[in-house]
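**Q** Residue numbers (numbering that gives the first Met the number 0), protein chains in the order written: chain Z, 0 to 364; chain B, 0 to 643.
A few of these clues could be false.
Covered stretches of chain B, as calculated for chain Z (at least 3 residues, CB under 8 Å) [to be verified]:
1) 30-44
2) 163-174
So the derived list for chain B, only partly shown, Cβ under 8 Å to chain Z, looks like this [said to hold, decoys possible]:
3) 19
4) 20
5) 23
6) 49
7) 57
8) 152
In short, the hints are calculated from the structure, not lab data. Computed from a predicted structure; not experimentally measured. Beta carbons: idealized from backbone N, C-alpha and C, even for Gly.
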Amino acid sequence: MTRRQLWRRIISHLDLPLLAGMGLLMAASLLTLYSASDHNFERVLAQGANILVAFCCLWVVANLPLHYLMRTAVPIYVLGMLLLIGVALFGEISHGARRWLNIGVATIQPSELMKIGVPLMMAWYFEKYEAGLTLKNYIIAALLLLLPVALIARQPDLGTALLISASGFYVLFLAGLSWRVMGGLFVAGIASAPLLWSMMHDYQRHRIEMLFDPSQDALGKGYHTIQGMIAVGSGGILGKGYLNGTQTHLDFLPERTTDFIFAVYSEEFGLVGNLILLSMYCFVIARGFVITANASTYFTRLMAGSITLTFATYAFVNMGMVSGILPIVGVPLPLVSYGGTSMLTLLLGFGMLMSIQTHKKLVKS
Amino acid sequence: MNNRVELKNHQQEIFNFRLRLFIGIGFAMLLLGILLARFVYLQAIRHDYYQTLAEKNRISVMPIVPNRGLILDRNGVLLAHNFSGYTLEITPSKVVNLQATIDDLATLVDIQPRDRKRFKKLQAESHDFETLMIRSRLSDEEVARFAAQQYRFPGVEIKARLFREYPFSEKTAHLLGYIGRINLTDEDRLDENDSLANYRGTDYIGKTGLEQFYENELHGTTGIEQVEVDSAGRAVRILSRTPPVSGNTLILSIDAKLQDIAEQAFGELRGALVAIDPANGEVLAFVSRPGYDPSLFVDGIDADSWKELNESPDHPLNNRALRGQYPSGSTIKPFMALAGLFYNTRSPSQTISDPGFYTLSGSSHHYRDWKKGGHGTVDMFKSIVISCDTYYYGLAVEMGIDNIFNFLSRFGFGKKTGIDLEGETAGLLPSQEWKMKRFKQKWYTGDTVSVGIGQGYSLVTPLQLAAATATLANNGVGYKPHLVREMKNSVTNEIRKLENKPAFDMKLDPAHLELVKRAMAAVTQPGGTAAQASAGAPYTIAGKTGTAQVVGMKQGEKYDASKIDERHRDHAWFISFAPADKPRIAVVVLAENGGHGGGTAAPIARKVMDYYLLGKVPQPVVPAGKPIAVTTPAASGVQEVEAD
């Protein structure tokens with residue numbers, strides 16, 4: 000095998016347009032991280048390592064034929080559920096929430112696994128009963144979604160629970176859940192809001208209250224929102240310039256390498272920078288939809304659509320939270336925030352997208 | 000057939016999925032659109048607002064407190080200055096358990112119960128986020144000990160601060176006053192004057208005395224430093240700096256050595272002394288006894304010390320020279336004599352026959368002279384030398400209260416002198432109008448009798464009497480007494496002399512003045528009421544003794560100092576100037592419960608004059624309680640000791 004052939008072999012299952020969009024976002028991540036960490040190059044290298052590890056996993060998944068992918072659905076889901084039950088029973092408490100499970104070698108957060116596991120399981124289920132879907136199938140699929148979501152919401156981790164609900168709902172929606180049922184659910188949701196409110200933890204209520212009026216506790220819980228908005232707003236059209244953000248470098252921004260990295264970017268690159276960033280996201284999302292539209296099987300269509308929509312949702316929730324239109328729910332900015340776990344989860348999803356894109360030709364032939 | 004249905008279903012399915020996918024795409028684009036709209040709103044429309052907030056976050060305007068102006072005496076001796084020292088300060092809001100922290104600190108640094116009490120008081124008066132002093136003036140060793148353990152005490156820090164120090168301590172307390180922490184009342188006043196901004200960062204303000212009166216001169220102008228700060232408030236770099244301007248130096252007319260000698264001359268006595276240069280109204284010494292330690296107030300006084308000072312029967316906080324109001328007693332007589340001459344009520348040579356008492360026509364009431372049996376034939380000269388009461392009872396009645404009021408008020412009685420200190424009292428010069436207003440009663444001739452010898456309703460302050468004495472010494476040309484001579488600009492070192500023009504000229508007849516001054520000079524000569532005061536002096540002293548009654552005497556009762564509780568004894572006055580022919584200094588002494596003016600008050604004035612005129616420093620003080628025995632023929636008689 001020549002070097003050229005080897006190279007072909009390596010990239011044969013990678014989707015280059017998608018890869019290019021992701022690469023741009025990751026470059027923005029490394030650039031912003033250098034500023035956000037106050038010129039800490041080690042942080043940048045660590046994120047580079049995160050990307051590298053996650054990319055290897057992406058490559059493996061992208062090269063897996065679709066039937067392998069489908070076969071992993073049930074084991075992943077069952078494992079995830081067992082771990083979630085384990086968390087509920089033996090989980091470690093930190094910051095008032097039980098999210099982590101010590102499995103001897105490391106502590107893990109099973110809810111991360113379920114971000115992939117739940118839509119995968121639901122897509123698998125719909126594929127299995129594709130022939131004649133009835134309301135019963137939708138109810139069972141909804142239960143497959145609600146069980147882990149309930150466990151995660153109990154931890155409590157409302158942010159993750161809502162995002163997994165969203166990804167599961169996208170599967171239900173794309174699988175053709177009738178408009179009437181969705182309408183009914185919507186009305187029921189509105190009606191049960193007060194009940195939900197009463198079931199929430201105090202800190203969750205505070206976060207929602209803060210959203211409506213962050214200034215009522217400017218030094219306490221509203222601080223994050225206010226400082227985020229100040230950073231974004233003071234960036235102006237052109238931004239304060241790379242490494243010149245005062246909110247960032249004078250330590251006014253909380254969590255600025257992780258959840259609030261967008262505030263750093265936005266302060267230094269301004270509205271123009273934001274437009275560029277939104278364009279990159281738009282490009283990645285658009286490519287995801289192209290892959291979805293071209294997907295050959297029911298399972299892959301549902302999976303690709305859900306992954307793409309979930310990605311869009313993550314980006315929206317994070318940027319919305321930093322710019323003050325959504326409550327603070329610990330959601331990182333996809334592909335940009337520092338962190339190994341979220342990078343891995345995302346790239347596994349993109350790996351599936353690439354597998355879906357690159358294996359259908361083989362199926363056809 | 001089956002195949003076709005399946006195919007159709009498949010196409011239908013694809014169609015349905017595509018429809019849903021388009022809705023999904025629309026939803027994703029909607030989300031991105033919302034974000035875009037939000038960014039435009041924050042970054043383009045509301046940019047100025049958030050820019051301002053970011054700048055406010057980032058830039059902190061730090062005041063740079065100016066050095067307070069110095070206070071020097073006329074010879075350049077330091078009376079008030081600043082020295083830098085270390086304080087231990089606590090920010091209550093940053094400390095979890097305040098009591099435990101202070102207990103812990105006490106193992107490193109000496110913390111007395113009074114420090115704790117003072118801290119509690121400070122805490123009650125301040126916000127929790129302010130840093131409050133627990134100990135001042137730490138020794139180097141204490142600083143080192145704390146610095147090594149500082150990590151154990153979050154919210155506790157050592158600060159270098161400027162302290163105000165008064166080297167003469169209680170000897171200048173009533174003159175200089177003191178500075179103290181700015182309280183809410185001060186803040187309101189500063190706010191009214193629009194000077195609150197200039198006091199940003201300043202903790203102290205003049206509370207009494209010259210520190211209060213010349214606050215504007217002494218404080219200086221606060222500098223400004225714009226600093227970039229991080230979220231923890233730490234300064235990162237300086238953006239701009241306007242240096243502070245130190246307060247101006249006050250140069251007083253006070254002679255510190257003279258002040259010191261006057262203080263010591265009082266011994267254990269309470270009272271007041273004011274010495275004035277008659278030629279220009281400059282105050283040379285300004286004493287109120289007892290004094291107090293002004294540094295107690297600078298650090299913030301603790302409750303115990305405050306109680307002790309406030310409840311002491313000696314009233315050390317009372318500025319007697321400025322605010323003490325006493326009957327003038329016989330010291331008013333030279334002024335009454337001048338009035339009598341001015342209104343032609345009595346000629347110098349006109350005599351009266353003194354039987355030892357005075358009666359108003361149509362009344363049997365005896366207004367007694369201090370000397371039983373009287374002084375015999377008395378003219379104006381003799382009336383001053385021997386302090387004949389009967390003479391002045393008659394003179395006052397003949398002149399009438401209106402004339403007395405008019406003449407004495409021109410001398411400044413019943414009015415504030417306008418000295419450069421706050422809180423002066425006006426004394427009381429009674430008049431018909433005053434009595435009507437005060438008691439809703441008309442004035443009786445009987446009221447006039449006692450005014451003639453400075454009793455009755457009339458009250459004077461030592462300062463007032465000193466100013467009047469200086470005016471008399473200066474032949475009726477009066478100056479507003481003042482303590483500050485000049486001010487030195489802290490930047491240019493330019494010296495600005497304070498305006499010093501005569502305040503008024505009474506245009507008195509030189510012949511009248513000559514008579515009264517001659518008589519006052521005779522007071523300190525053998526045969527006068529203060530003969531011992533000038534014994535052995537190479538210059539002549541013109542003076543007048545006086546006694547202010549503390550408790551009234553019944554008709555026929557004899558005053559016997561030894562039988563009366565010490566605090567009910569009469570107050571002794573002595574007014575004087577010297578040299579008699581060409582006065583360079585006027586001294587007024589009040590010795591509370593001192594009994595006789597010639598015996599206790601005059602020797603104090605003498606010591607002050609000796610130093611001022613001759614540069615003579617008095618010998619160590621005679622043990623307290625023993626009267627100063629000076630044997631002169633006139634002083635040997637019982638009469639003289641009892642005379643007022």
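**Q** Next, verify each hint and record whether it holds.
**A** Each hint, compared with the structure:
{"no.": "1", "hint": "30-44", "verdict": "holds (count 11)"}
{"no.": "2", "hint": "163-174", "verdict": "violated (count 0)"}
{"no.": "3", "hint": "19", "verdict": "holds, 5 Å"}
{"no.": "4", "hint": "20", "verdict": "holds, 6 Å"}
{"no.": "5", "hint": "23", "verdict": "holds, 5 Å"}
{"no.": "6", "hint": "49", "verdict": "holds, 3 Å"}
{"no.": "7", "hint": "57", "verdict": "holds, 5 Å"}
{"no.": "8", "hint": "152", "verdict": "violated, 24 Å"}
In terms of the numbered hints stated before, the structure departs from hints 2, 8, listed from lowest to highest.
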